[in-house]
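Here is how the chains run, residue by residue.
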Amino acid sequence: MEASRHWRLKQERYTLMGEICPHCEEKIFPPRDICPACGENARNLYKYSGRGEVYSFTTVYQAPAGYEENAPYTIALVRLEEGPMLTAQLTDLGDETVEIGMPVEMVTRKLRSDGERGMLVYGYKFRPQLARTISA
Amino acid sequence: MVNKIKTLHDILIVGIGITPVGEHWEKSIRELALDAITAARSDAAGLKPQALFVANMLAPYLSGQTQLAALLADFAGLRGIEAVALEAAGASGGIALRQAYLALASGLVDTALIVGVEKVTDHASAELEAALATASDADHEAIHGTTSTAQAALLMRRYLYEHNAPADALAYFSINAHANAATNPNAMYRRAIRIEDYTHAPMVSEPVNLFDTAPLADGAAALILARDDRLPETLPHPRVRIAASAAASTTVALHDRTDPLKLSSAAESARLTMQQAGLTHDDIDLFELHDQYSVYAALSLEAAGFAKRGQGWRLALDGAISRDGRIPICTFGGSKARGDTGGATGVYQLAEATLQLQGRAGENQIANAKIALVQCLGGAGATASTHILELVDGS
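Chains as they are written, first to last, in our numbering: chain C, 66 to 201; chain L, 295 to 689.
By construction, these hints were calculated from the structure, which means they are not laboratory data.
A couple of the hints might just be wrong.
Taking lysine to any residue pairs in the SDA-like style, the calculated list, with each CA pair at most 20 Å apart, reads [said to hold, decoys possible]:
1. C:75 x L:433
2. C:175 x L:556
3. L:556 x C:148
4. C:92 x L:544
Using the sequences and the hints, build the whole thing.
So this is what it looks like as structure tokens:
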């Protein structure tokens, strides 16, 4: 079940809450408390815009246990516009062809489900940026 | 020649055991390990080890077994000796040698047995993918449905993109591995392939195709180590010493790396070994690197300094990695064609490199091989362990 494990991560999973280092201003996502750039404590919260671009991507056909019902699905490394990179699924692609550099934005979706009686885990995925957000 | 390694005594590999990689439905994890241990002890003229170091990644998930080292020590007739298992995903084998090396170098242990073992074929594909995905960051990668193949695919696509390389740029890593496995009796796929086989192969996770991935299978390999003041009176084979030993780490998650196309742990551990041994790239006769996916072969050649960034694939294209090339790699087929045995991989590599240096590699022999660089990676390279093995003159 691991309910508490996912509950602990709700801020980053639902709102892209990360950190910014008060010493060197390194922006950090996912949050990790010690700044990877300068080694000092970095617990100042920083909320990311949710906009970024595709750094690389692929399709998973042979899914791990717990993800089979979603297969095939697209996984990407997304470079957030503030700098950090994260791993996430791409969603709402429709007929769009994914390319490196494609602008994407964060949405909240179901990440996995553990059977009829199991827990549903929600979190961030990324979809192609809508026209209004690109021009903004 | 700065910082050359200083130990009072040489630490030698005095016996090796290699078992065939494949689908061993009839054998349990303990039986697989015993076959390799028995072969290695026989190869070392019966030398009894004082300590057992087990390299394994998946037994807790796939065999429901922790304390694997105690289990294997008992099953192998070594009940009572110190025994510990080391886990660093695909780097477990190199890490096990590293720990055994430290134990022998400390003087507190005189002889050691290392066995790498993995038992995977009791499970279906979805369970294996989930077990392998434990080598990624559970909270920030695996939760999104990543797999080890997907990680390699993310790197491979970016590699081809950044370096403007053709779609079949990595083909010759696979072709080389299959050519070398064709004459390896312990290999899973003893069949050479052609460029057409690669270019027509089905996609597994674009741009990774079937021939960019190594087949995960059962296997076990073992090494016996001894300090040179604790050797049996007669050793049946030429002596191979551990000339350098190193390990390094970097972020588990790909997205946390400043430059995902740089395997910094591989680069650092390789640099440390070259420094310890006082060697340059020209001194290396063969490089057993970790080719679980073909992109890792290219990135490893670049990390170790055999090619500039973005140029590793050209060494395969130019034939430099073949058995008569400038820097032969995966001389018994690598993970790609010998078969990928998870945490046992590093022990296979080390045993194969030892055969090369002892002149016992049969049809796979690299002419006049004296010095081998051996490196294995955990997951997408969060852990890397590198060793240099050297034939002892006049042995």
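Hint by hint, here is what the structure shows:
A distance of roughly 11 Å separates the Cα atoms of residue 75 (chain C) and residue 433 (chain L); the hinted pair therefore holds under the 20 Å criterion. A distance of roughly 33 Å separates the Cα atoms of residue 175 (chain C) and residue 556 (chain L); the hinted pair therefore is violated under the 20 Å criterion. Restraint check for residue 556 (chain L) and residue 148 (chain C): the C-alpha separation of about 18 Å stays at or below 20 Å, so the hint holds. About 19 Å separates the Cα atoms of residue 92 (chain C) and residue 544 (chain L), which keeps this hinted pair within 20 Å; it holds.
The structure is inconsistent with hint 2 alone, although it conforms to all the rest.
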